[in-house]
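Line by line, the protein sequences give chains A and B.
FYI, the numbering used here numbers position 82 of the first sequence as 82, with every residue one higher than the one before it.
FYI, the numbering used here numbers position 211 of the second sequence as 211, with every residue one higher than the one before it.
Calculated directly from the structure, the hints in this document are not laboratory data.
Using N, Cα and C, we set each Cβ at its ideal position, and we do this for glycine too.
Please note that a few of the clues may not be correct.
What the hints assert, rightly or not - Partner residues aside, some chain A positions facing chain B, computed with beta carbon under 8 Å:
1. A12
2. V49
3. Q60
4. T70
5. D71
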Amino acid sequence: MTLGPEEVRRIAWLARVAIREEDVPEYARHLSRILEFVEQMAAADTEGVEPMAHPLDLPQRLRPDEVTETDQRERFQAIAPQVERGLYLVPKVIE
Amino acid sequence: MHERTIAELAHGLRAGEYTSVELVEALLRRIEDLDGRLNSFITVTAEQALAQARAADQRLRRGGGGPLTGVPIAHKDIFCTDGVRTSCASRMLAGFVAPYDATVVERLKAAGAVMLGKTNMDEFAMGSSNETSWYGPVRNPWDTGRVPGGSSGGSAAAVAARLVPGATGTDTGGSIRQPAALTGITGLKPTYGRVSRWGMIAFASSLDQGGPMARTAEDVALLLGAMAGFDPRDSTSVDRPVPDYAQALVRPIRGLRVGLPREYFGEGLDPAVRAAVEDAVRVLESQGAEVREIGLPNTPLAVPAYYVVAPAEASSNLARYDGVRYGYRCEDPKDLEDLYMRTRGEGFGAEVKRRILIGTYTLSAGYYDAYYLKAQKVRRLIRDDFARAFEQVDVIAGPTSPTTAFRLGERLDDPVTMYLSDVYTIAVNLAGLPAISIPVGFAAGLPVGMQLIGNYFEEGLLLNVAHQYQLATDWHRAVPPGFE
Numbered sequence: 001m002t003l004g005p006e007e008v009r010r011i012a013w014l015a016r017v018a019i020r021e022e023d024v025p026e027y028a029r030h031l032s033r034i035l036e037f038v039e040q041m042a043a044a045d046t047e048g049v050e051p052m053a054h055p056l057d058l059p060q061r062l063r064p065d066e067v068t069e070t071d072q073r074e075r076f077q078a079i080a081p082q083v084e085r086g087l088y089l090v091p092k093v094i095e
Numbered sequence: 001m002h003e004r005t006i007a008e009l010a011h012g013l014r015a016g017e018y019t020s021v022e023l024v025e026a027l028l029r030r031i032e033d034l035d036g037r038l039n040s041f042i043t044v045t046a047e048q049a050l051a052q053a054r055a056a057d058q059r060l061r062r063g064g065g066g067p068l069t070g071v072p073i074a075h076k077d078i079f080c081t082d083g084v085r086t087s088c089a090s091r092m093l094a095g096f097v098a099p100y101d102a103t104v105v106e107r108l109k110a111a112g113a114v115m116l117g118k119t120n121m122d123e124f125a126m127g128s129s130n131e132t133s134w135y136g137p138v139r140n141p142w143d144t145g146r147v148p149g150g151s152s153g154g155s156a157a158a159v160a161a162r163l164v165p166g167a168t169g170t171d172t173g174g175s176i177r178q179p180a181a182l183t184g185i186t187g188l189k190p191t192y193g194r195v196s197r198w199g200m201i202a203f204a205s206s207l208d209q210g211g212p213m214a215r216t217a218e219d220v221a222l223l224l225g226a227m228a229g230f231d232p233r234d235s236t237s238v239d240r241p242v243p244d245y246a247q248a249l250v251r252p253i254r255g256l257r258v259g260l261p262r263e264y265f266g267e268g269l270d271p272a273v274r275a276a277v278e279d280a281v282r283v284l285e286s287q288g289a290e291v292r293e294i295g296l297p298n299t300p301l302a303v304p305a306y307y308v309v310a311p312a313e314a315s316s317n318l319a320r321y322d323g324v325r326y327g328y329r330c331e332d333p334k335d336l337e338d339l340y341m342r343t344r345g346e347g348f349g350a351e352v353k354r355r356i357l358i359g360t361y362t363l364s365a366g367y368y369d370a371y372y373l374k375a376q377k378v379r380r381l382i383r384d385d386f387a388r389a390f391e392q393v394d395v396i397a398g399p400t401s402p403t404t405a406f407r408l409g410e411r412l413d414d415p416v417t418m419y420l421s422d423v424y425t426i427a428v429n430l431a432g433l434p435a436i437s438i439p440v441g442f443a444a445g446l447p448v449g450m451q452l453i454g455n456y457f458e459e460g461l462l463l464n465v466a467h468q469y470q471l472a473t474d475w476h477r478a479v480p481p482g483f484e
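Build the full structure now, drawing on both the sequences and the hints.
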């Protein structure tokens with residue numbers, strides 16, 4: 001699979017990662033190289049093989065639905081880029 | 001004092017031969033004098049270390065304390081540490097101070113270990129050379145023009161250079177074992193679920209596993225004993241008792257069945273690395289091990305499957321870095337989309353961005369079956385290969401890495417060439433098995449590592465075999481010139 005500049009821009013947008021225009025050709029080259037490499041998998045016969053999500057095939061453990069966390073809002077917000085009156089600030093979304 | 005192992009230091013501290021404060025001061029001086037050549041630490045926590053050492057000395061004087069009381073260690077900068085910066089070697093987290101300790105940090109602290117600082121690594125653990133760090137590359141103490149391997153390259157270099165006797169690492173595709181091999185130390189990747197991932201910054205959640213790095217198998221056993229165990233805060237942690245790893249070391253290995261996979265000794269393997277590993281296998285044979293050839297036929301599929309699974313999981317895990325709750329945020333975003341795009345574009349380095357893009361692509365509509373689902377099926381084929389092998393043998397032995405340490409910059413142009421540095425280590429993560437790398441000699445002055453792979457939860461057996469080998473050899477005692 002070869003990716004062109006248009007596809008690199010589309011994937012970067014899907015991932016919300018800004019790529020500088022001058023870097024697009026190199027990303028296209030590297031990503032194409034990686035995809036071409038991983039496609040070696042296609043030759044493997046996996047007919048009837050169950051996909052493996054967990055190395056030990058263990059089910060997800062459940063915990064009782066009880067409150068175990070304490071309120072640490074101030075500690076958590078102390079490391080945020082921008083907060084005001086206990087709220088996280090972002091650029092205006094609705095005019 | 002820096003020459004001593006953790007086992008020796010724990011003994012010396014208890015016997016009152018020196019105090020933890022003296023030990024910590026000596027190592028802090030060493031870091032100050034020598035780490036300029038290596039760049040193995042991102043953060044040195046001198047004040048906290050001395051405070052912890054004073055507390056340890058008090059406990060020791062009262063005759064108390066655990067197996068590691070007063071012993072200095074370092075943590076890979078991927079483990080969250082309450083009040084101390086945790087950067088994951090990324091600009092994204094350059095100013096991040098976690099509000100809690102990772103379980104691994106908490107447990108080693110409870111065992112009495114003293115933290116000297118946080119070690120350098122590949123950004124978000126994505127790399128095999130420690131060249132992707134926002135804080136600059138780490139250099140190999142055996143040749144500072146070469147890489148120490150990665151991603152736990154800082155921990156490996158610091159331990160090899162005797163700046164610290166032991167350190168934590170994480171291993172998603174070889175990130176403990178490959179740098180251990182390239183710097184001549186001992187490093188163990190435990191069974192998936194053996195060591196808690198809580199507070200360990202996530203890269204690929206179905207593969208990530210923390211583990212210890214030190215100079216000897218005995219030291220690795222002591223560290224693992226403190227790190228391992230069930231943690232309800234990690235949903236993939238396995239509830240199973242932790243055996244006494246130190247006690248398991250002393251068993252003779254007569255009758256041990258060792259399998260050599262023919263796929264690990266083929267094309268691409270440096271002949272000098274091969275020779276050192278074959279010599280090491282002969283040592284095991286002389287100790288009574290029975291060696292036979294085995295097959296792991298799906299080996300060639302491991303690296304391709306990994307570079308689907310790991311980037312896919314990374315693209316999902318790293319979606320949390322959005323410039324809102326913590327971490328880097330771009331200047332003057334004009335709207336919310338601009339905030340996300342530029343924060344992530346500026347905060348992540350090139351390799352991290354490549355993997356996020358690959359993962360986003362393979363998980364995008366219409367591609368899931370051909371990539372991620374296919375890779376999960378291949379993953380089962382690889383695990384089945386190991387299951388068949390462990391019907392015939394107790395441990396699998398082979399090279400850890402196909403070459404010795406390579407030159408800085410040598411593999412940066414082609415990502416796939418870099419990925420193939422982990423050709424012998426990746427399958428172990430896909431299967432979730434434990435494996436250890438131990439030093440077994442040199443090729444042109446550079447260390448060679450041998451990997452031993454065990455069945456699920458057989459860390460004790462791997463440490464036993466490694467320790468018996470180290471009783472018969474002294475490669476693990478070799479010191480890099482200039483770091484005596």
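Hint by hint, here is what the structure shows:
Proximity of A12 (chain A) to chain B holds as hinted, the smallest CB-CB distance being about 6 Å (cut-off 8 Å). Taking 8 Å as the C-beta cut-off, the interface hint given for V49 (chain A) holds, the closest approach to chain B being about 4 Å. Hint status for Q60 (chain A) relative to chain B: holds, with the closest Cβ pair at about 6 Å, below 8 Å. Hint status for T70 (chain A): violated, given a least beta-carbon distance of 12 Å to chain B, over 8 Å.
Interface hint status for D71 (chain A): violated, as the beta-carbon distance to the closest one in chain B is roughly 12 Å, over 8 Å.
Violated hints, listed in ascending order, are 4, 5; each of the other numbered hints is respected by the structure.
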